[in-house]
Amino acid sequence: MHQPKERSYTPGYYSKSTISGTEVQSIRSRYTSTLSDFDQIVELWIEDGFSIEEMTARGFDRRMVLWAVQRIDQNEYKRKQAPPGLKVTSKAFGSGRRMPIAADYSY
243 MHQPKERSYT
253 PGYYSKSTIS
263 GTEVQSIRSR
273 YTSTLSDFDQ
283 IVELWIEDGF
293 SIEEMTARGF
303 DRRMVLWAVQ
313 RIDQNEYKRK
323 QAPPGLKVTS
333 KAFGSGRRMP
343 IAADYSY
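Residue numbers (the numbering used here): 243 to 349.
Since the hints were made in silico from the structure, they are not lab data.
Built from N, CA and C at the ideal position, the CB exists for glycine as well.
Each hint should be verified, as a subset may be incorrect.
Unchecked claim - Between beta-carbon pairs, the in silico distance windows are:
{"id": "1", "residue 1": "S278", "residue 2": "P325", "range": "30 to 36 Å"}
{"id": "2", "residue 1": "R305", "residue 2": "E285", "range": "16 to 22 Å"}
{"id": "3", "residue 1": "G327", "residue 2": "G301", "range": "31 to 37 Å"}
{"id": "4", "residue 1": "Q316", "residue 2": "L277", "range": "16 to 22 Å"}
{"id": "5", "residue 1": "Q323", "residue 2": "D281", "range": "30 to 36 Å"}
With the hints as constraints, model all of the structure from the sequences given.
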């Protein structure tokens, strides 16, 4: 039977901040509000069908809105490559995003 290889640990190789997670906590605290804003932008764009102007009027940074919308639209081809699956959202039971699956779609 195969036995996993023993991992060697060199004392002092990892810094205490890496082991204790203080750096991770500081990074998490810096970007928590940004991720929350990003989640709201994605929801407003996909679920609620808001325009870029409507989102910036709600107080979101225009550069962040444009960046998020561009990434969503540019990666639509990845959604075409995957087989259609069950979407459990409010949009899934209505008209959806109305993106053609078989036809070529240019942005």
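Hint by hint, here is what the structure shows:
no.	hint	result
1	S278 / P325: 30 to 36 Å	holds, 32 Å
2	R305 / E285: 16 to 22 Å	holds, 19 Å
3	G327 / G301: 31 to 37 Å	holds, 34 Å
4	Q316 / L277: 16 to 22 Å	holds, 20 Å
5	Q323 / D281: 30 to 36 Å	violated, 24 Å
Checked against the numbered hints above, the structure breaks only hint 5 and satisfies the rest.
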